[in-house]
Amino acid sequence: MIHPRIAVALLVLVLAVTPAFAQAPGALIVQASTEPPGLDLTATPASATAGVVFYNVQEALVKVDRTGKLVPWLAERWHTTDNKNYTFFLKRGVKFHNGRELKAADVKFVLERAMNPETKHPAINQYKPIADIIVKDDYTVTVALREVQANFLLTMARQGTVIYPREAVETMKSAPIGTGPFMIQDWVRGDRIVLRKNADYHVKGLPKLDRVTYRFIPDPNAVQAALKAGDVDVSLFGLGPEHVTELKKDARFQVIVGDTTNDVILAMNNARKPYAEVKVRRAVTHAIDKAAVLKGAMFGMGKILGSNVDPLNPYFVDLARAVPHDPAKAKKLLAEAGYPNGFETVLKVAPQYYYTVRTGEILADQLKKVGVNVKIEQIEWSNWIARVWREADYDLTIIGHAEAWDVANYANPKYYYRYDSKKFQELFQKSEVTLDDKARRAQYAELQRMLVEDAPAVWLYMHPRLVVAKKGLTGIWKDLPVPSADLSEVAWTK
Amino acid sequence: MRRYVLRRVAAFAATLFFVSVLVFLVIRVLPGDPALIIMGTEGSPEAAARLRESMGLNRPIAVQYVDWLARALRGDLGVSIQYDVPVGALIVSRLPVTLPLAGLAALFMALLAIPLGLYAATRHRRTGDYLAMLISQLGIAIPGFWAGLLLILLFSVHLGWVQSGGFAGWSEGLWPALRSLLLPAIALGFFQTAVLVRATRSAVLDVLGEEYVRTARAKGVREGFVIVKHTLRNAMIPIVTVAGIQLGQLIAGTIVLESVFALPGLGRLALGAITARDLPVVQGVTLFVASSIVLINFVVDMAYVLLDPRIRY
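Top line first, the protein sequences correspond to chains A and B.
Residue numbering for the first sequence is 1 to 494, as defined by our numbering.
Residue numbering for the second sequence is 1 to 313, as defined by our numbering.
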């Protein structure tokens with residue numbers, strides 16, 4: 001039997017003589033916290049899937065660039081005379097990873113498959129306005145719409161509209177093929193996904209990396225350790241503000257704090273007492289000190305919101321100070337609404353998203369000061385989706401809504417906010433068919449003001465994009481207008 | 001002996017059956033709909049309904065269970081909702097991580113706990129004993145995940161000797177693979193060691209008080225021989241019993257540590273499957289783990305025969 005002391009000494013010796021993991025040039029190790037449930041963008045809306053596949057492996061006719069602008073991509077240009085028939089001219093010589101050239105017939109196939117209920121496309125409603133897809137020649141395709149749709153080009157740029165070859169539908173879930181700068185090389189389930197450079201990429205000079213490895217590390221403390229130990233080069237998703245603050249002090253790393261489309265809100269059940277009364281909703285809004293929430297929950301990172309249009313949206317209006325923190329006014333409004341002594345309420349939060357619990361604790365404290373006693377109930381994510389999101393069985397909840405243009409949810413009275421304003425719904429429908437940019441901008445400004453007025457929810461803050469990377473890594477997107485982790489321009493400077 | 005083995009096999013099957021019913025019911029009583037989770041907040045309710053139908057979740061529970069059982073008996077555990085891969089293949093693909101991890105942790109446990117427990121017993125109520133008990137108290141008090149993080153901090157971040165997490169894969173060679181399992185195995189084994197040290201100590205102390213030990217000493221047998229031959233051998237039955245229970249705990253402990261060390265093992269598979277309500281995987285893994293634990297108990301029972309020739313079944 002080996003003496004314990006000798007065993008430890010032996011172990012230390014063996015470990016010490018083996019070299020640490022070496023990093024290859026042109027290679028990048030990316031940390032993500034959640035492993036994608038599958039890699040098929042036409043089957044899952046999961047942002048974990050988009051984070052790997054969207055723009056890296058598969059691309060669409062139109063692209064949302066790093067500033068949030070729509071730019072021509074697989075279609076080098078398009079034109080429309082009546083805003084109902086869009087003709088796309090495809091970029092020539094674009095090859096799929098299997099070597100075949102992208103043709104107009106592929107576009108037709110992809111759109112028809114998305115529209116087919118059999119496909120079970122998660123965003124099938126986006127394609128409903130499409131009446132017909134006409135292939136003019138190999139590089140020209142016209143999409144005919146039933147009615148004018150202001151966001152049609154955005155639909156063509158979304159993750160569900162990526163173009164893939166017909167012959168590769170079967171393998172989309174595990175090894176998708178596209179036109180992107182990287183191809184899927186290997187997926188070791190539970191551990192990593194390896195992408196390798198597409199040497200035939202249609203944009204000259206890109207990608208700059210030869211190999212990208214996604215490693216899935218769920219625990220933020222483990223992520224921090226992996227960064228410090230040099231085992232991962234960049235953390236794109238999964239670090240909280242407290243870890244970023246800590247890593248900022250380390251000279252080996254650069255910290256990127258950017259904007260996202262993720263609006264963290266305190267949703268109120270507009271169909272349930274007492275929140276059916278607008279005065280109560282306004283009182284709750286006045287009772288909340290958003291600056292203190294941002295400081296306490298997010299270490300001051302992120303931006304205070306006043307409405308549900310995020311700062312990356314072209315029609316964003318800064319309404320952060322529209323309803324100031326004013327506890328006295330909150331009490332007055334509560335008294336007017338018939339609650340001079342406040343009331344008891346339950347706040348349901350899902351700890352799956354770290355920010356919900358800590359934000360909730362701060363809010364509970366602030367609301368208590370105006371007489372609203374909040375009981376925090378932590379529930380599992382699956383429970384949250386089933387109870388809160390689907391059945392609207394809640395008083396209050398906190399969640400981040402990450403989808404861009406999700407102001408649309410307030411025009412849906414069945415959405416879990418249960419906000420039902422005919423005025424808002426009509427204006428929103430009008431904005432959907434308004435193509436003149438100036439007019440639409442005015443409508444969006446009005447929509448945002450209406451929300452402030454009606455206070456169906458309290459828009460707390462935009463969750464920041466928090467990226468920590470080794471110094472010397474360039475080309476990472478600062479902001480995140482789409483749920484993608486475009487790595488095509490990422491490179492090492494030395 | 002044969003009747004005993006047959007009885008054990010029957011108990012084995014019955015246990016598995018109850019486990020399968022229990023898992024099947026519990027997971028369905030819990031709120032949370034796999035289709036909704038897959039679709040998230042951005043999918044439409046219609047899409048979720050179609051998905052639910054295609055997964056067969058709209059059928060009565062009893063029908064789903066019988067269907068599942070019939071196929072499981074033929075070795076078909078179904079297909080993972082998340083990964084679209086057969087559950088059996090998924091479990092097998094995770095074993096090269098979890099089995100060596102549990103094995104290594106068990107090895108650490110045995111190599112540390114038995115000598116330490118023996119040492120403590122022979123130094124009863126002296127400094128060595130108190131020291132050993134202090135170490136074991138620490139082991140019981142420190143949770144595995146925290147021990148894991150401390151080990152990462154020391155060996156990966158400060159010393160840079162091993163990778164902070166992840167699994168190199170056996171295809172990279174024996175040493176790189178083993179190295180990625182070392183820290184988690186130590187973290188996992190540490191807690192279990194602590195319990196086994198105490199079990200060993202008290203079992204050995206009991207035997208040391210026996211008259212035949214006094215007799216052996218009185219007739220001048222060397223102390224080392226007394227300890228190993230007369231004491232340890234006779235103390236082995238309670239030690240093996242505790243170790244068997246600890247082995248089951250080890251397998252359960254992998255769930256937490258595989259997350260801390262980002263290892264693609266069975267534990268993380270189970271955790272991910274529970275969060276995603278990937279029912280076929282949850283059922284498959286639970287059945288597998290339950291079978292392993294029942295099997296370990298069976299082996300422990302068999303080991304009694306080897307340890308004590310008087311035991312006959």
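Note that these hints are calculated values from the structure, not bench results.
Glycine is no exception: its CB is placed at the ideal position from the N, C-alpha and C atoms.
There may be inaccurate statements among the hints.
Facing chain B, from chain A, some residues (calculated, C-beta under 10 angstroms) [unchecked claim]: (1) E35; (2) H202; (3) A386.
For the restraint on A/A386, tell me whether the closest CB of chain B is nearer than 10 angstroms. 5 angstroms, holds
Can you verify the interface hint for A/E35: is its Cβ closer than 10 angstroms to any Cβ in chain B? 7 angstroms, holds
Would the hint on A/H202 be counted as holding, given a Cβ-Cβ threshold of 10 angstroms to chain B? 29 angstroms, violated
Violated hint: 2 only; the structure is consistent with all others.
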